[in-house]
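Engineer: So the sequence shown is numbered by numbering that gives the first Met the number 0: it starts at 0 and just counts up by one.
Bear in mind the hints are in silico, worked out from the structure with no lab data behind them. Please read these numbers as outputs of a predicted model, since none were measured by experiment. Among the hints, a few may not be true.
[Claimed, not checked] Only pairs whose alpha carbons sit at most 20 Å apart, straight line, appear in this in silico DMTMM-like list of lysine to aspartate or glutamate:
#	residue 1	residue 2
1	K99	E89
2	K103	D81
3	K103	D127
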Amino acid sequence: MYQVSGRDVTVFENRAEAGRGLAEALVKQGKPYGAVLGLTRGGVPVSYEVASALGVPMDILVVKKLRAPLSEELAIGAVAADGTHVLHKEVVNEVGADEKYIAKELQLRRDEAREAEQRYRGGHAALDIKGLAVLIVDDGIATGASLEAAVLSARQRGAQTITVATPVGSRGGCEALKRVADEVFCMTRPVDFWAVGMFYRDFTQVSDDEVIKLLDKSRSAPAKVEQKRQPSEAPPQTV
Numbered sequence: 000m001y002q003v004s005g006r007d008v009t010v011f012e013n014r015a016e017a018g019r020g021l022a023e024a025l026v027k028q029g030k031p032y033g034a035v036l037g038l039t040r041g042g043v044p045v046s047y048e049v050a051s052a053l054g055v056p057m058d059i060l061v062v063k064k065l066r067a068p069l070s071e072e073l074a075i076g077a078v079a080a081d082g083t084h085v086l087h088k089e090v091v092n093e094v095g096a097d098e099k100y101i102a103k104e105l106q107l108r109r110d111e112a113r114e115a116e117q118r119y120r121g122g123h124a125a126l127d128i129k130g131l132a133v134l135i136v137d138d139g140i141a142t143g144a145s146l147e148a149a150v151l152s153a154r155q156r157g158a159q160t161i162t163v164a165t166p167v168g169s170r171g172g173c174e175a176l177k178r179v180a181d182e183v184f185c186m187t188r189p190v191d192f193w194a195v196g197m198f199y200r201d202f203t204q205v206s207d208d209e210v211i212k213l214l215d216k217s218r219s220a221p222a223k224v225e226q227k228r229q230p231s232e233a234p235p236q237t238v
């Protein structure tokens with residue numbers, strides 16, 4: 000722990016440690032889950048620990064940020080590999096992104112997400128989550144834009160219920176996700192929050208190879224919990 004503005008702040012050694020802490024907290028809750036989806040790439044080491052502790056299958060969700068014109072750091076929304084997307088209309092209007100630009104950006108980032116998904120899966124099919132209680136895990140929540148697209152994508156795939164879980168998140172981001180997820184579990188919600196990386200000693204970028212390795216390991220681990228499916232209907236895609 001260290002202090003910011005006189006307050007004690009939890010700092011994780013790395014994503015794996017954060018994942019073990021998150022897993023312990025979720026196990027104590029005692030709620031049944033049927034699958035864990037890790038948001039690539041940073042959420043995968045966290046989700047691996049969670050899935051291992053819960054004894055359920057793990058899969059990935061690939062989401063790409065939609066970039067503003069002339070500013071790659073500013074996001075105007077996010078898009079998942081299946082094309083499900085969200086747009087921040089206030090930001091879109093502020094930066095003057097017109098329909099032509101948005102359509103081109105959506106196509107570009109969706110193609111990138113699909114290519115990444117194929118690379119990570121290595122020919123394996125996506126996990127069938129229809130009718131399951133699903134956990135979507137990331138290494139942290141800042142604005143929540145990418146996770147919002149991830150939640151909508153999982154709904155399109157027929158998830159019965161969706162819980163977003165993370166070791167650390169901004170209060171605003173965690174609250175915003177409650178509009179789309181059935182539940183949001185932020186293990187820590189610091190008052191002073193500037194970036195996810197400030198809560199990790201080692202916040203090295205996760206490589207593609209590590210994502211592939213952890214996904215392969217999760218496939219080889221036998222599930223300890225029976226997957227109980229409930230009938231579900233995916234709502235219309237939300238933009």
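Engineer: Next step is simple, just say for each hint if it's right about the structure.
Structural biologist: Right, here's what the structure says about each hint:
1. K99 with E89: 17 Å, holds
2. K103 with D81: Roughly 16 Å between the alpha carbons, so the hint for K103 and D81 holds.
3. K103 with D127: 30 Å, violated
The structure is inconsistent with hint 3 alone, although it conforms to all the rest.
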